[in-house]
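Chemist: The primary structure of each chain is shown beneath.
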Amino acid sequence: MLINCVAYQEGKKLADIPVEEISEYLARPGYFVWVSLRDPDPAELARMKDEFCLHELAVEDATRGNQRPKVEEYGDSLFAVLQTVELVGDEMTVGEVDVFVGPNYVLSSRRNASEGFLGVRARAEREPHLLAQGSAFVLYALMDAVVDRYFPVVDLLESELEKIEDRIFIRGSQRANIERLYELKSKVLMLRHSVMPLMEGVGRLYGGRVPALALDTQEYFRDVHDHLYRIAGTVDTIRDTISTAIQVNLSMVAIDESEVNKRLAAWAAIFAVFTAFAGLWGMNFKFMPELEWKYGYPVALASMFSVAGYLYWRFRKSGWL
Amino acid sequence: MLINCVAYQEGKKLADIPVEEISEYLARPGYFVWVSLRDPDPAELARMKDEFCLHELAVEDATRGNQRPKVEEYGDSLFAVLQTVELVGDEMTVGEVDVFVGPNYVLSSRRNASEGFLGVRARAEREPHLLAQGSAFVLYALMDAVVDRYFPVVDLLESELEKIEDRIFIRGSQRANIERLYELKSKVLMLRHSVMPLMEGVGRLYGGRVPALALDTQEYFRDVHDHLYRIAGTVDTIRDTISTAIQVNLSMVAIDESEVNKRLAAWAAIFAVFTAFAGLWGMNFKFMPELEWKYGYPVALASMFSVAGYLYWRFRKSGWL
Amino acid sequence: MLINCVAYQEGKKLADIPVEEISEYLARPGYFVWVSLRDPDPAELARMKDEFCLHELAVEDATRGNQRPKVEEYGDSLFAVLQTVELVGDEMTVGEVDVFVGPNYVLSSRRNASEGFLGVRARAEREPHLLAQGSAFVLYALMDAVVDRYFPVVDLLESELEKIEDRIFIRGSQRANIERLYELKSKVLMLRHSVMPLMEGVGRLYGGRVPALALDTQEYFRDVHDHLYRIAGTVDTIRDTISTAIQVNLSMVAIDESEVNKRLAAWAAIFAVFTAFAGLWGMNFKFMPELEWKYGYPVALASMFSVAGYLYWRFRKSGWL
Amino acid sequence: MLINCVAYQEGKKLADIPVEEISEYLARPGYFVWVSLRDPDPAELARMKDEFCLHELAVEDATRGNQRPKVEEYGDSLFAVLQTVELVGDEMTVGEVDVFVGPNYVLSSRRNASEGFLGVRARAEREPHLLAQGSAFVLYALMDAVVDRYFPVVDLLESELEKIEDRIFIRGSQRANIERLYELKSKVLMLRHSVMPLMEGVGRLYGGRVPALALDTQEYFRDVHDHLYRIAGTVDTIRDTISTAIQVNLSMVAIDESEVNKRLAAWAAIFAVFTAFAGLWGMNFKFMPELEWKYGYPVALASMFSVAGYLYWRFRKSGWL
Amino acid sequence: MLINCVAYQEGKKLADIPVEEISEYLARPGYFVWVSLRDPDPAELARMKDEFCLHELAVEDATRGNQRPKVEEYGDSLFAVLQTVELVGDEMTVGEVDVFVGPNYVLSSRRNASEGFLGVRARAEREPHLLAQGSAFVLYALMDAVVDRYFPVVDLLESELEKIEDRIFIRGSQRANIERLYELKSKVLMLRHSVMPLMEGVGRLYGGRVPALALDTQEYFRDVHDHLYRIAGTVDTIRDTISTAIQVNLSMVAIDESEVNKRLAAWAAIFAVFTAFAGLWGMNFKFMPELEWKYGYPVALASMFSVAGYLYWRFRKSGWL
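If you read the sequences in order, they're chains S, H, R, G and B.
Everything in the first sequence is counted per the UniProt record's numbering, starting at 1 for the first residue and increasing by one.
Everything in the second sequence is counted per the UniProt record's numbering, starting at 1 for the first residue and increasing by one.
Everything in the third sequence is counted per the UniProt record's numbering, starting at 1 for the first residue and increasing by one.
Everything in the fourth sequence is counted per the UniProt record's numbering, starting at 1 for the first residue and increasing by one.
Everything in the fifth sequence is counted per the UniProt record's numbering, starting at 1 for the first residue and increasing by one.
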C-alpha cells in the first residue's frame, strides 16, 4: 500500500507525485524522492524496482520479508532492514522496515508494524536544512525513530524483571516466578535479535570505510550505534540476571523444601512419641503394675505430654519449628 | 554415478557430452562444462580428476567424503563442500555436496542426499543470461539451493521446541520433556555443524580479498552469507532456549516434588492424629474414666474428627492441600 | 547549576569569568577556560552549547543524561561520559560526569553524584605546569579521580563476598547467603557497566590512532586504562566466584537436607521398632504365653530397648546420628 | 635412541650415514638428511644440536619434553611439537613428537609414543617426487600421520558418548552414567589440549605470512588444518553434549526420585488407613456397639479393604502407582 | 631495602657501587647497572627515580604496589610488573616484582615474595656472554625465573584436584569435596590473574611491533610466552574440571540421597506391615475366631514374618536394599 510518494527540491516539499513519474524526477539533478510503503505486495515492489532501478536481491529480500536487520551496499546505494519491536498488552510483536537509499531517493517499506513514521517525515519537512543533508539523513532519521522505540520496550522488560525479583525470595511464588522468568527470557532474546545485527550493520556507517552516501552523516550513525550499544548492554544484563534468577529460584525451592521437611519431621517425631507410649501401655501383659495404679492414666498422659513438650522446645530452639 | 554431463556455449545448452571429451571442450574458449555426479566411486572421481585437472587433495576429500563444509582455493579454482540436511520422519540425515569450480567448469557430486539439484540446472538452462555470468554463478545457485533447504529444517526444530515449551509447565510431563529437549539439542548441534563452517567459508567470497572467479558475483554470495547468518542466529536462540528449558524443567520437577511432598505430609499428619488418639484410648489402664462413659466412644470419634477437620482446614488455607 | 567558570593563562588562574564572556576568551590565543556544572538544566547546557560551539548530538546526550560511558570525537574536540559509582549505606548509586574537551577548554557537568571534583581543580591550580599540558590533561585528571573512586567500591564488594564465603559452609545460613549473593551480583553488574565501556573508550586515547588533543598525554590515559583493566579483572573474578558460590550453596542445601533426612529416618526407625513390638504384644490372641509371665513386661521393655539401642549404635557408627 | 639417519639426494635414498657426518652432508648442496630419534637422552640431543646447529631454546624444549603442541620459527628453520594420542585399553596416553625442520634436513624425535612413523618414511622413499618437494613436505607427512591417528580416538570417544546416551534415560543407571561422563570429559579435555594449540600453529603455515620453508606446501598444511578443525568441531560437540548430559542426568535422578517418592507415599497412605482403622477398633471404650456385632469383624475388614482399594484405584488413575 | 647495586662492563661485574653514583655510570657508554631492591619504601624509589630518570607513572605504580602484571613502554625504556605465586603450607601468597628496564640498566624491586632472584644474577655473572646481550636479557632471565616458579604451583593444584577426584564418587565425602573444590577454585583464579595479563604483556615483546630494547631477544620472550601459554592451558582445564566436578558432586548427593531414601522407605514398608497386622489383631471385636485358636499367635507371627520376608526379597531383587 502506498502511503506517500513525494518529490523534494533543496529540502523543500515540491509535490505528491504519481509512481510512474518517479524515474523522471530521479533523472533531473537537484530533486529528491521519498516514497513510503506499507505491507507492499510483490507487484508494488516490482514497480518500485523498475522506477528506482533497485537490485534484484534487495527487492527479493523486501518481498519475502522476515529478514534479519542489516545494512548492505549495492553499488552506490544502500539497503537497510530494521526491525520494529512493539509491546501490545503482554505480547511482543516484531515488525520490519526495509529502506532503500540511493543518492537522491529513499524508499521505505514497513510490514507488521502498527506505528508508522509520519512524524519523521513531518519533522523533516518542517526543517528543510535537515533534509537538504541528503538521503543518508533520512535513513538516520528512520533508524533513530525505530531505535528510540526500543527504549520503552527495554524499560518494560527491566521493570518486569524487577517485579519478579521482588518476589523471588518469597515462599510459595517459585512456580509463578519460573514461568515469568522463562517468558521474559524469550522476549529478551527476541529484542536482542533485533538489536545485535543492526548494531553490527550501523557500525559500518561510521569510522572506517564508510559508503560514500553516509560520509557526511557519520556522527549521526555513531549516535544510533551508541544507543544500540546501550540497549545491548542492558539486554545482556537482563539475560545474565535472568539466568542467575532461575538458578536462585531453584535454590529457594530446595531451601523451602528443606525447611518444610524439617518442620514436618519435627511434628512427626512428636506424634511418634505419643503413639509409641500409647502402644506400650496398650500391651496386654498380665503384670504391668502401672496399669493398676489409681493415677496411672493421668501420670501416663502427663509423661507423654512432657516428653512431647520437651521435643517441641528443642525443635523450636534449633529453628526447626 | 554420472547424472549429467553437459557442455554450454554462451549460457546455452549445447549437448550432453561423453566424459572422455570433457578436457577437449575445456580447452576450447567460450565453452562451459557442467557435470553432476551422485555417490561417485573412487574410479569415477579419478577420471574426473584427469579430465578437469583437479587438485589431488581436493579429490581425496571428495573421495573420502564426510568433510566439514568449507570453501578452499586451489590456484584459480575453488573446491566447496556443502552439507545437506534432510528430515526424514523424526530422523535428521546429513548429506554432502562437493563442488569443484574452475573458470569454465563446474563439477558437483552429492552423497547421501535424497533430493537432487536438477531444478537448479533447469532454471539455469531456462535463463541463459544467468549461466552466462560464469561458473561462480552456478556455485552460488547450488549453495542457494542447499541453504534454502535449511529453512524448513530450522522451522521444524523451532516448532518442536515450541511444542515442548507448551508442555514445560504441565505437571507430570517432565520426563518426556527432558528426553525431547535432549534429542532436539543433538539435532540442533548437527545443523549448526553444517551452517557455521559454511558461513565462514562463504564469508571469504565477498568483501575482502575475493578469489578472481567470484569477483562479479560477490553480492550473490553476500546474500547466501546473510541467509546463513539468519539461520545461525535462530539456531543459537534455540540452543540457548533449550539450555534454559532444561534448567527450568529441573526446577519444575523440584517444585512439583515439593508440592506433592507437602500434600502427602498434610494427609500423613491427619492420619497420625487418628492413630495417636486411638492409641491413647487403646491403653489398658484400669482407671480411665472416659472409657466407662456411655457416650465415650461417639465423643472420642467426634473429637478425633474435629481435630482432623481443623488440620484439614488449616492445611487448605495455607495452600498445602 | 554553575559551580566554576574560570579562565587560565599559561596554566595559571586568571579570573572567574561570567558565562557570556567564555566565547571571547576562547577566541584569544593562549587562554584556557574550564567550566564546571552540576545537574545542569537544558537552558544552561544550551547556553554552553552556544558559547563553546558544542556539537548538537553531544549536547543532546548531556541534556538527557543516563548515557553509557564513552569517549567520542567530534571534529577536533572530545566528548566523554564517565559514570561515578558511590556506595551510600548499602545502596549503590550511579552518577554521571559529562566532559566536553576542546583544544582550549574543558566543560564538565556532573549529575546525581554527591562528591564533586574541586580537589582536581585545586591540585591543577597548585601545579601550573600540569595545567599547561593542556585540556587533555584535565580530562585525564577528571577520569583518574572518577576511576580512583571505583577502588573502594571494588574493595567493599570483595569484602562483602568474603563475608558471604565465610558463612557458605555453615548449616542454616543458606537462605541468607543466597539473598546476599544475588544482591551482590546485581551490584557487581552495575559496576561492570560503568567500567567496561569506559575501558573501551579510553583504549582509543593511546596506542593506535589517537585524537590530536590527546597525543601528548597518551601515557596518562594508558595508566587510567590500566587501572580500569585491574578493576575489570577483579570484577570478573567476583562474578565468577558468585556463580560458583550460588552453585555451591545449592549443593550445601542438598547435602544438609540429605544429612537431616538421614538423622530423621534413623530416629523414625528406632521409634518404629517400639511401635511394632508394642503392637505385637497388644494383640488379643488368647494364647500368648509371654503375656502371662511374671516378668513378661520388663523382659518386653528390655528387648525393645536393646533392639533400639542396637539400631542407635549402628546408625551412630555409620554416621547417620 | 637413534632409529634412522639417512641422507637423500634429489628425493632418492643415498645411504644410512653415521651421526658424525651429518654436518658434512648438510654443507653439500642438493643433499637432504632425515634423522629419527626415539626417547632421546640429553646427550643425544646435544650431539644433534651441534650437527644441525639447532637453536638452544628449541633443543631445551625437546630435552625437557612435556611441551604443548606448537610451531615455532627459529631463523629459517622450524621447530614443531606434536602430541600423539593413543588409547591403550581404557586409558588414554599422550606422547610427543618434536620435529626440527631446516632447509635441507628434518630431525624428528618421539617420546612416550608406542607407534612409530616408519610408514611415513617408507612411503616417502617409495615416491621420490614427494620427497623432492623438500623438508616441509616431510613435516607435513609426519603431521598428517599424527593427525590421522586422532580420528579413531575421536570415534571411540563419540561411541562411548553414544553408549552413555543410550542409558541416560534408563532408571537406576545414573550413578554409572555420571562416572562415565566425568571420565569421558577428562579424556576429551586431554585430546582437545593436543588439537587446539596445534591447529593454531599449523594455521601459521598457510595463508598469511608463511615461513619461506613452507611456501610451496601451503595447500598441504591447509589440509592438515582442515582435519584438525574437523576434529576440534567434533570435540566441542562432545564437550557440549557431555555438559548437557550431566545436567539431564541430574534431572533424571530428580524425576526418578520424585516418582519413587510418590509410589512410596501412596503405599504409606494405604497402610496408614489400615492402621488408623485398626487403632479405632482397638480402643477400650465400654460401649462400642459394633464390637459386639456378630459380623463386626468381617464388616470391619471389608470396610478397611474397600477404603484401601479405593485409594489404590485413585492412585493408579493419577499415575502414582 | 637495597639488595644489590652493581655496575657491569661488557658483561663482566665491575664493582658494587653506591646508589649516588648510578647516574654517573649510566652516562658513560659501555657500562651497565643492575640494581635489586626488596620491599622498597617510597623514599628509596624516589631516589631511584632521580638516578635512573624513571617515568613518574611507573614509579607511582611501583610505590603503590598491588599492580596487575603488565609490560609497558615509556619512551625507550620498559616497565614490567610480574607476580610471584608461592605456596606456604596450604596458603597461596602473591608477591610482586617490578622491573624497570632501560638501554643500559635494570632496576628490579620485589615485594611480598620470600624467595629472591640471586640465582639469576649469579648465573648471569658466571656467563658474561649472556649479560652482554643487554638489559632485555636480564628482563627475560627474571621473567623466566618467576614463570618457572609457577610450574610447581600448577602441579600442586593439579594433584589437589586429582585427590578430590579420587573421592568424588565415594559416598559421604561430598561435603568435604565441595569445600575443597571451592577453595581450589579460588586458588586457581588467583594464579590465573598472575598468568593471563603477563601473557598478554609478553606477547608484545616478540612477533609484531617490538620495542627496540627487546629486538634481539624475541625468541627468549616467545619462550616465556610459550611457558605461560602452557600454564594457562592447564589452569583452564583445572577450572573447567572444577566446574564439572561441582556439578557432578551435586549429582552424587542427589543420587546418594535417592538411594538412602529408597532403602529407608523399604524398611519403613516392612515395619508398616508388622504394625498393620498387629493393629488388626489388636482390635476388640467380640467375634474374632482366630484369636481363640490355640496356635493363633504363632500363625499370626508366621504370617507377619512371611509377608515381611516377601517384601524384603522383592526390595532386594529390585536393588532397593
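Among the clues, some could well be false.
It does not matter which identical chain is meant; a pair holds if it fits inside one copy or across any two.
As the list claims (entries may be wrong) - Lysine to any residue pairs mimicking SDA-like chemistry, simulated, CA-CA at most 20 Å apart:
1. Lys187 - Gln247
2. Lys286 - Met304
3. Lys317 - Phe305
4. Lys262 - Val307
5. Lys12 - Glu162
6. Lys70 - Met196
7. Lys49 - Glu72
8. Lys294 - Pro18
9. Lys262 - Ala176
10. Lys294 - Arg64
11. Lys286 - Ala302
12. Lys317 - Arg171
13. Lys13 - Glu219
14. Lys187 - Leu161
15. Lys13 - Gly134
16. Lys70 - Glu60
17. Lys13 - Arg28
18. Lys13 - Ala27
19. Lys294 - Glu20
Hints are computed from structural coordinates only; laboratory data are not their basis.
Chemist: Work down the list of hints and note, for each, if the structure agrees.
Modeler: Consistency of the hints with the structure:
1. Lys187 - Gln247: Intra 19 Å, inter 18 Å, cutoff 20 Å: intra and inter.
2. Lys286 - Met304: For lysine 286 and methionine 304, only the inter-copy Cα distance (18 Å) is at most 20 Å; the intra-copy one is 22 Å.
3. Lys317 - Phe305: within (18 Å within a copy, 28 Å between copies)
4. Lys262 - Val307: Within one copy only: 19 Å inside, 22 Å across.
5. Lys12 - Glu162: neither (47 Å within a copy, 51 Å between copies)
6. Lys70 - Met196: both (10 Å within a copy, 19 Å between copies)
7. Lys49 - Glu72: within (16 Å within a copy, 36 Å between copies)
8. Lys294 - Pro18: neither (114 Å within a copy, 105 Å between copies)
9. Lys262 - Ala176: between (24 Å within a copy, 18 Å between copies)
10. Lys294 - Arg64: Intra 96 Å, inter 86 Å, cutoff 20 Å: neither.
11. Lys286 - Ala302: Cα proximity of lysine 286 and alanine 302: across copies only (16 Å, versus 23 Å in one copy).
12. Lys317 - Arg171: Cα proximity of lysine 317 and arginine 171: across copies only (15 Å, versus 22 Å in one copy).
13. Lys13 - Glu219: Neither: 26 Å inside a copy, 35 Å across copies.
14. Lys187 - Leu161: Classified as both: same-chain Cα gap 11 Å, cross-chain 15 Å, threshold 20 Å.
15. Lys13 - Gly134: Cα proximity of lysine 13 and glycine 134: one copy only (13 Å, versus 46 Å across).
16. Lys70 - Glu60: within (14 Å within a copy, 26 Å between copies)
17. Lys13 - Arg28: This pair counts as within: shortest intra-copy Cα distance 15 Å, inter-copy 43 Å.
18. Lys13 - Ala27: Classified as within; 17 Å inside a copy, 39 Å across copies.
19. Lys294 - Glu20: Classified as neither; 116 Å inside a copy, 106 Å across copies.
The structure fails hints 5, 8, 10, 13 and 19 (numbered hints given earlier, in ascending order).
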